[in-house]
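J.: Listed below, chain by chain, are the residues.
There are 2 protein chains.
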Amino acid sequence: MAFLPTFKDVQNAHEIVKKYAHRTPVLTSSSINNIVGGNLFFKCENLQKVGAFKFRGACNAVFSLSDEDAQKGVATHSSGNHAAALALAAKMRGIAAHIVMPSNSPEIKKKAVAGYGANITFCEPTLQARENTLAQIVAETGATEIHPYNNFNVIAGQGTAAKELIEDFGEFDIIIAPVGGGDLLSGTALSTKYLLPGCKVIAAEPAGADDAFRSFREKKIIPSVNPKTIADGLLTSLGDRNFAIIMENVDDIVTVSEEKIVEAMRMIWERMKIIIEPSSAVPLAAILEGKIEIQNKKVGIILSGGNLDLGKLPF
Amino acid sequence: MAFLPTFKDVQNAHEIVKKYAHRTPVLTSSSINNIVGGNLFFKCENLQKVGAFKFRGACNAVFSLSDEDAQKGVATHSSGNHAAALALAAKMRGIAAHIVMPSNSPEIKKKAVAGYGANITFCEPTLQARENTLAQIVAETGATEIHPYNNFNVIAGQGTAAKELIEDFGEFDIIIAPVGGGDLLSGTALSTKYLLPGCKVIAAEPAGADDAFRSFREKKIIPSVNPKTIADGLLTSLGDRNFAIIMENVDDIVTVSEEKIVEAMRMIWERMKIIIEPSSAVPLAAILEGKIEIQNKKVGIILSGGNLDLGKLPF
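The listed protein sequences correspond, in order, to chains A and F.
If you're matching positions, the first sequence starts at 1 in this note's numbering and goes up one per residue.
If you're matching positions, the second sequence starts at 1 in this note's numbering and goes up one per residue.
Chain A with its partners taken away, still in its complex shape (with noise of 0.2 Å):
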């Protein structure tokens, strides 16, 4: 078994995280909640730097280095939130960042890390290809490298989230967040499993893209084989220090369609006046797809980023 976290580890991960990052807001909608018959709270980290919650994690891994790892740089391969999120980390810290991307990245994202003036490797776009790539460049500049999804800091990082949800808001019966990787769900857990035991902790996952469903079903990881859906930020599969929170501490993982996904994702946005990436709108869609009961309930959602093209609507 891993070494995995625990709240404690959460609290010391908010002692660094809220210097760097933003407290972001929880709104409300009362239509939005005259639709559902409950009573949502909606967590904003598209809101929080780089758009995404990513940047808890990122944050936490890098300033939690000792001096002497620091100036050796942090490195990892991704094409989304969290090469931002480290770059940006890494820019605050002073020390180097080197992110591998797939040479098919879109423009857009490439642009974001180098405006964190972060090192960008391109490699062909294969799992096998970055990995590579990455273990050449820690191998050759001993920088350290921070896992996605599967490390302890960035899973500590993402559960402050929660944590100030809960903090601001108290009481909740039900609390839903996205899974991909499974970072944002497992933090989520941890810090709501400790403050609130009572209160469920659900994920959201799109059908086309359900390794989470069912590796939690079996009770084993079950890969992603070929995932298909406009939530992009839901493509990877668990990591082991995810899963294992999240056998311990989850309650409940529904899937959902992906006219759910584009509805609840317009619905936010024209009610909620805030931009969401698809991925973010995978906890309203399974409330509108009747997978999870909420009537008359208290229910805590995370809004994980809000990072998408304009020009690339699916309204």
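I should point out that these hints are in silico values taken from the structure, not numbers from a laboratory.
Predicted model, so just to flag it, every value in this text is computed and none were measured.
Worth double-checking, as some hints may not be accurate.
Looking from chain F toward chain A, a few residues come up when the C-beta cut is under 8 Å (computed) [unchecked claim]: (1) P25; (2) G51; (3) K273; (4) I275; (5) L310; (6) F315.
The C-beta atom is built at its ideal place from N, Cα and C for all residues, glycine as well.
Using the hints provided, position chain F relative to the given structure of chain A.
T.: Showing chain F alone in chain A's frame:
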């Protein structure tokens, strides 16, 4: 001279408004700060109920009525955010709202107002027809007319946004609001000049609808003639109450181009992950166009609203 509200009236309004409205979050963006060279704080009235600051004034107007007056309902003519705001405030008090709307109003706005349970009367799309229809309804029902901006209680209500901004974030060097009818600007000026006498209050207006800019310079109200701008919330001419407060309390009014409005709007969408309507982008547009000197200054900006047709984005 019309009877004018003072900061004392804003304080009274706040006791009412805080019961019914969101205390909206104030957001900052390091990346926008880096671009403009100042320290900007955005008061997010786009995240207010009905998606606009207008709810504050409507709420104060409706809940300031005596029970006797209230039972006869309220009335206004408006095709915009004020109509939805008045409808919701009336619904909250359990009284009738009579809204006169031009027959050519966008379907989405008709739906929003109808959704709050208002009695809608459609009329020809001329100011004369709107005023005549409203006068008839007021005569028949005894409802109290709540003017969208040239109204004592509306102005006092709008001032609560700047009051909250200053309560939450202290001193400012400059506070900037867009100007249309002038209720947001005059309310903002009342709060700011009372709480922070040394802080400048500056208004930003589209060059294509520059009646406030010209009125301010000529020291008399010059009505808007054929205004043309993407910022459709700012097409109206100043009211006399608003103008009197503005002449007394506002330091400057500047104009901006349509191109910069769209650029500023897109910048806020992309960097801050919130949905604003074009009118909300006018203050940042003024900064980007170099019309307001904000280097190293602490600047408050009121984002007025977030209502627009997602299918018709200007980018």
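J.: Would you mind marking each hint as holding or not holding in the structure?
T.: Each hint tested on the structure:
1. P25: Holds, because the Cβ-Cβ distance from P25(F) to chain A comes to roughly 4 Å (cut-off 8 Å).
2. G51: Holds. Min distance 5 Å.
3. K273: The hint holds - K273(F) has a Cβ within 8 Å of chain A, the shortest such distance being about 3 Å.
4. I275: holds (4 Å)
5. L310: Cβ of L310(F) sits 6 Å from chain A, so the hint holds.
6. F315: holds (7 Å)
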